[in-house]
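Turn these sequences into a full structure, and let the hints guide you.
Note that the numbering used here has the sequence shown beginning at 10, numbered continuously upward.
I should point out that these hints are in silico values taken from the structure, not numbers from a laboratory.
Among the clues, some could well be false.
[What the hints assert, rightly or not] The calculated label-pair distances, taken between Cβ atoms and stated as ranges, are:
hint : residue 1 : residue 2 : range
1    : His385    : Ser129    : 14 to 24 Å
2    : Arg447    : His60     : 23 to 33 Å
3    : Leu220    : Val126    : 13 to 23 Å
4    : Gly422    : His390    : 19 to 29 Å
5    : Asp15     : Ala151    : 25 to 35 Å
6    : Leu395    : Val127    : 27 to 37 Å
7    : Thr180    : Glu22     : 33 to 43 Å
8    : Arg239    : Arg279    : 17 to 27 Å
[Unchecked claim] Capping the alpha-carbon separation at 25 Å, the derived lysine-lysine pairs in DSS-like fashion look like this:
hint : residue 1 : residue 2
9    : Lys223    : Lys248
10   : Lys248    : Lys123
11   : Lys248    : Lys372
12   : Lys242    : Lys117
13   : Lys223    : Lys242
14   : Lys178    : Lys123
15   : Lys242    : Lys372
16   : Lys448    : Lys372
17   : Lys248    : Lys117
18   : Lys182    : Lys248
19   : Lys223    : Lys372
20   : Lys223    : Lys178
21   : Lys182    : Lys117
22   : Lys223    : Lys117
23   : Lys117    : Lys428
24   : Lys242    : Lys448
25   : Lys242    : Lys123
We put the CB at the ideal spot given by N, CA and C, even for glycine.
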Amino acid sequence: FDHAFDEDATTEEVYRYTARPLVEYVCGGGGGGVPRATVFAYGQTGSGKTHTMGGIQRMVAEDVYLTLSNNAFDNEGRSLENTSVSVAIFEIYGGRIQDLLNGRYRLKVLEDGKGEVVVSGLEEFEANGPRDFLNLIETGHANRTTHATEANDASSRSHAICQILFRDKHTSKLKGKLSLVDLAGSERGSDTKSHNRQRRTESSEINTSLLALKECIRAIDGDGGHVPYRQSKLTLILKDCFVSRMARTAMVATLSPGSSSTDHTVNTLRYADRIKEKKVGSVFSPSNRSPIQLSGQAGKKSPLRKQVAAVPAISDPLDDYDDDFDELDLIMNEVTSDDDERATEPSKADEQNRLSELDRTVKELLEEEEHLLNLHMTAIHENASLLAEEGALLHSVQDSEEYDVDAYASRLGEILERKTELITGVRDRLGSFRELLRKEEELAGFC
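Here you go:
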């Protein structure tokens, strides 16, 4: 890992080594292209992701405007004179995308002819300063989906994405984008046994999207050219941070220090380690040009926090790096070393296969639910139109002493036939949905 922070480290230190270099990168102009940067917070539920990301967002709100002001002073990069800052916040919950700054309005993900991914219906709100920015952040946080689970009484059950967009003030053309992603808490299959169907579905969708995210980030640093960003809506929305040559990505992995979270700690470390297959370049090293410490700019020093004291340089991974993982594995194995317990439990491979099948079933369930809701809504609208036409047809017959009885009977038959088709289509789709519900319930009982 590039850096490690203990329990005494502050969010300011974490920000200094993760998001602040990316703020400078996006505001710096990107060398002629459109710079895009993303910060992810990943870890088990209750490990402090939202707390950490909330602090990072507050510091970004401050440093974005300070950096743009300093750019104007230095006559380089983007500046407040030619760049506007807007904010959009939305969440991905159970396969649905909802605008957190616009009454949780349902959004759609589309691709245009150039392959650019567009979140249709997402509203951007211009922020003219840190106060406007923070007000938007607070509104988004207040509208985010949370539910109580065994591990956390206010667990975030959605991926929350805060997009900060830099646009040309005259043309509104995108000049840069910074995405701050607070991922939903990861959970093991054994943690969801006592969940109801809604919580199980949420957990499965969360884990599936986190797996897709890992594969996408690994593909960025790997030698292969294909990035599987279509595996989930999360990675599809963040496509540009995976395939753009101007993209920069940082991940903050949060850990709970308690001994009861050892297995979660191992999973988080392994997730982060597998993502980090290649050393990140100098763009992620602490910047020598602090937006808070520029000569002649003392009057613009941050009013919200003092300059973080220099953190000692952290060396490359130690020689006993692998031994640390081995030690954690030994701790985990001690918990399940009882031969009698292992003899009565299903094999690990069988359980893993069932969990994989459950994840696939939940994914199909969410897709089928969306198809059912869309079909039901379409049927309601068309049925309303048919009902209005049917009423007009009946009214014309009742008010006329002479009418074409054949035309009346023919059209009424067509209307009734179409209504039957609509009802049959919805009923068939409902049957498929119920079958998936039954299958999910059965698999969840075994896992």
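Now for the hints, and whether the structure bears them out:
1. Judged by the Cβ atoms, the range 14 to 24 Å given for His385 and Ser129 holds: they are separated by roughly 21 Å.
2. A hinted range of 23 to 33 Å is violated for the C-beta pair Arg447 and His60, which are about 40 Å apart.
3. In this structure the hint that Leu220 and Val126 lie 13 to 23 Å apart at CB holds, the actual value being about 20 Å.
4. Hint check: Gly422 to His390, Cβ distance near 22 Å, so the stated range 19 to 29 Å holds.
5. Under the hint 25 to 35 Å, the C-beta atoms of Asp15 and Ala151, about 31 Å apart, fit the expected range.
6. As the Cβ distance of Leu395 to Val127 is approximately 34 Å, the hint placing it in 27 to 37 Å holds.
7. Distance hint check for Thr180 and Glu22: the Cβ-Cβ separation is about 38 Å, which falls inside the suggested range of 33 to 43 Å.
8. A beta carbon spacing of about 25 Å between Arg239 and Arg279 agrees with the range 17 to 27 Å that was offered as a hint.
9. Note on Lys223 and Lys248: the hinted pairing holds, with a Cα-Cα distance of about 13 Å set against a maximum of 25 Å.
10. About 13 Å separates the Cα atoms of Lys248 and Lys123, which keeps this hinted pair within 25 Å; it holds.
11. At most 25 Å may separate the alpha-carbon atoms for a hinted pair to count; Lys248 and Lys372 meet this at roughly 20 Å.
12. Among the hinted pairs, Lys242 with Lys117 is consistent with the structure: their alpha-carbon atoms are about 10 Å apart, no more than 25 Å.
13. Taking the CA atoms of Lys223 and Lys242, the gap is about 14 Å. The hint holds against a cut of 25 Å.
14. Of the pairs offered as hints, the one joining Lys178 and Lys123 holds, with about 24 Å between alpha carbons and a cut-off of 25 Å not exceeded.
15. Restraint check for Lys242 and Lys372: satisfied, since their Cα atoms lie roughly 11 Å apart, inside the 25 Å limit.
16. In summary, the hint linking Lys448 to Lys372 is supported, as the alpha carbons are separated by about 12 Å, within the 25 Å threshold.
17. A distance of roughly 15 Å separates the Cα atoms of Lys248 and Lys117; the hinted pair therefore holds under the 25 Å criterion.
18. Proximity of Lys182 to Lys248 is assessed by CA-CA distance (about 19 Å); at most 25 Å being required, the pair is judged to hold.
19. With a CA separation close to 18 Å, the supplied pair Lys223 and Lys372 stays within the 25 Å bound.
20. Between Lys223 and Lys178, the direct Cα distance comes to roughly 36 Å. Violation of the 25 Å bound is thereby established for this hinted pair.
21. The hinted pair formed by Lys182 and Lys117 meets the criterion: a straight-line CA distance of about 22 Å does not exceed 25 Å.
22. Restraint check: the Cα-Cα separation between Lys223 and Lys117 comes to about 23 Å, which is no more than 25 Å; the hinted pair holds.
23. Taken as a hint, the Lys117 and Lys428 pair is broken in the structure, with Cα atoms around 28 Å apart against an allowance of 25 Å.
24. Restraint check: the Cα-Cα separation between Lys242 and Lys448 comes to about 24 Å, which is no more than 25 Å; the hinted pair holds.
25. For the proposed pair Lys242 and Lys123, the alpha carbon gap of about 19 Å is at most 25 Å, so the pair holds.
Hint check: violations occur at hints 2, 20, 23; the rest are consistent with the structure.
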